[in-house]
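Sequence lines, in order, name chains A and B. Counting in numbering that gives the first Met the number 0, the first sequence runs from 0 upward without gaps. Counting in numbering that gives the first Met the number 0, the second sequence runs from 0 upward without gaps.
It should be emphasised that the hints constitute simulated quantities derived from the structure, not laboratory data. All figures in this text were calculated on a predicted structure; none of them were measured in a lab. The C-beta atom is built at its ideal place from N, Cα and C for all residues, glycine as well. Check the hints yourself; a few may be wrong.
[Stated by the list, open to error] The following label-pair restraints were derived from C-beta to C-beta distances: (1) B:119 to A:144: 40 to 48 Å; (2) A:151 to B:131: 53 to 61 Å; (3) A:89 to B:131: 34 to 42 Å.
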Amino acid sequence: MSSGAVDPVDSDLVGPASDEAMQVIPLRHPWTWAASVLVVLVAAGVAWSVATNPAFQWPVVAQYFFDGQILAGLRRTLELTVAAMALGLVLGTALAVMRLSDNKLLSTLSWLYIWFFRSVPVLVQLIFWYNFGALYAHITLALPWGTVLYSASTNDVITPLTAALTGLGLAQAAYTAEVIRAGILSVAPGQTRAAKALGMGPVTIFIRIVFPQAMRVIIPPVGNEVISMVKGTSLVSVIAMADLLYTAQLIYARTYETIPLLIVASLWYLAIVSVLSVAQHALERHYGRGA
Amino acid sequence: MTEPMVRIRGLRKRFGEKEVLCGIDMDVRPGSVMCIIGPSGSGKSTLLSCINHLERIDGGTMWVGGELVGYREQAGKLYELPERKVAGMRARIGMVFQHFNLFPHMTVLRNIIEAPIRVKRVPAAQARAKALLLLDRVGLADKAAAFPSQLSGGQQQRVAIARALAMEPQLMLFDEPTSALDPELVGEVLAVMRDLAASGMTMMVVTHELAFAREVGDDLVFMADGRVVERGSPRTLLASPREPRTREFLSRVL
Numbered sequence: 000m001s002s003g004a005v006d007p008v009d010s011d012l013v014g015p016a017s018d019e020a021m022q023v024i025p026l027r028h029p030w031t032w033a034a035s036v037l038v039v040l041v042a043a044g045v046a047w048s049v050a051t052n053p054a055f056q057w058p059v060v061a062q063y064f065f066d067g068q069i070l071a072g073l074r075r076t077l078e079l080t081v082a083a084m085a086l087g088l089v090l091g092t093a094l095a096v097m098r099l100s101d102n103k104l105l106s107t108l109s110w111l112y113i114w115f116f117r118s119v120p121v122l123v124q125l126i127f128w129y130n131f132g133a134l135y136a137h138i139t140l141a142l143p144w145g146t147v148l149y150s151a152s153t154n155d156v157i158t159p160l161t162a163a164l165t166g167l168g169l170a171q172a173a174y175t176a177e178v179i180r181a182g183i184l185s186v187a188p189g190q191t192r193a194a195k196a197l198g199m200g201p202v203t204i205f206i207r208i209v210f211p212q213a214m215r216v217i218i219p220p221v222g223n224e225v226i227s228m229v230k231g232t233s234l235v236s237v238i239a240m241a242d243l244l245y246t247a248q249l250i251y252a253r254t255y256e257t258i259p260l261l262i263v264a265s266l267w268y269l270a271i272v273s274v275l276s277v278a279q280h281a282l283e284r285h286y287g288r289g290a
Numbered sequence: 000m001t002e003p004m005v006r007i008r009g010l011r012k013r014f015g016e017k018e019v020l021c022g023i024d025m026d027v028r029p030g031s032v033m034c035i036i037g038p039s040g041s042g043k044s045t046l047l048s049c050i051n052h053l054e055r056i057d058g059g060t061m062w063v064g065g066e067l068v069g070y071r072e073q074a075g076k077l078y079e080l081p082e083r084k085v086a087g088m089r090a091r092i093g094m095v096f097q098h099f100n101l102f103p104h105m106t107v108l109r110n111i112i113e114a115p116i117r118v119k120r121v122p123a124a125q126a127r128a129k130a131l132l133l134l135d136r137v138g139l140a141d142k143a144a145a146f147p148s149q150l151s152g153g154q155q156q157r158v159a160i161a162r163a164l165a166m167e168p169q170l171m172l173f174d175e176p177t178s179a180l181d182p183e184l185v186g187e188v189l190a191v192m193r194d195l196a197a198s199g200m201t202m203m204v205v206t207h208e209l210a211f212a213r214e215v216g217d218d219l220v221f222m223a224d225g226r227v228v229e230r231g232s233p234r235t236l237l238a239s240p241r242e243p244r245t246r247e248f249l250s251r252v253l
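Extracted from the complex, chain A is given alone in its bound form (with noise of 0.2 Å):
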């Protein structure tokens, strides 16, 4: 210290005693990673005891995972899911669009479908169409003075494949058009307007405007409810269609290795899901450009 008078700016006073930066230590998180290290200890010991387990049988899962029944099952499974999502999405924004129509006889048709279709079981709709010909032995499409269009028997147009296409795809179609719906309605009014203003007609700006920007709210549902229909196809058996879990079934009946199958079974289910969920997660990024 200086002798005399008081210094105002006496370094020693104010400040640090250094002009010099100092270097910044973020918030370290130690107990965080001793509880990683206990993790994957854990996570090890069950792997290991799942691999050494003679009662999982793996060679038999090895044996049947490419097995041609197998096989058969998994491309039945991937091709219902593909044709209901289909079917589900492109008559589920109809319904969206005639839900939110301001014409009231639209609106409530769309209504009363969702209505219907949300609430009878599933199983139960694949059995009744899977049974159609029992209440219609002909499906006839004719003009009102008698010339007929199209006729067959009941029994040829409903396949199993038919039954399972229209049971799944129409109840997913009842589901879409509500998450679609709530993804036009997150369209801010004034994205409409200033189209509207450049002279775009309503399809127009359904297409290029409307739809792109929902399309940011509706695919994480949607991506959810494609996962489900993955494991929603497996309803069919009750159809007797042979999808992937009903394969497996169909063979642990005859051979008795009910859990290898099944471990078969799941890890086709966990590798549709995943190639899924990377899609998923490509579409998310394409149409979140901007935001």
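Chain A is already provided as a structure; the job is to place chain B on it using the hints.
Below, chain B alone, put in the same frame as chain A:
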């Protein structure tokens, strides 16, 4: 006297029970700038929305460039036209909104060329060339590839003006174009509007910028409670308003 660009007679508009426009008469000469001021809720913005039929009207008639917008006249009655037909009429009227309303999923360039390509069927290359000229005119030539979220409010509003101009409108409607902007960004938007007025565009501007109205406006209208209270040249009206309602409003905003 030449035919007015906009002719409004006895325009009425209700929202439910509330009448928001109670018989508006207005003429806008071609190439002139009409500014509309008034307290919030006076019906200024609704008036603009009626002109390009973003809102239905409940009475009166309106012509833009000598044609009815959104309606067809038959035997003394106005029949509303289907949305498809109205769209073609709106294409001739540009509109700029308070909150810009750019399309957030499209680049700046795409925002501008979308309507010319989809509505007027302009070839893409031609639309793009025109869009770049317009961007240059609003001082944003380097922002063509940006998304709206990457721009400031003032820049977004200038893009919105370019987007409206790309349709080569006969008339431009501005609905409080600077009200949502930070104060330091207002000037750049007003500068673009000043240039546009100088180029001879017919403009209707709902605004709170009295200095702009005084400097650029040819006519000034003061609206309150769905009526035109007073109109005249901006200088006279702002300097010596006749109506008490106008005086009261000006004393509060000046």
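Hints, one by one, checked against the model:
1. B:119 to A:144: 40 to 48 Å: Given about 46 Å between the Cβ atoms, the range holds.
2. A:151 to B:131: 53 to 61 Å: holds (59 Å)
3. A:89 to B:131: 34 to 42 Å: holds (38 Å)
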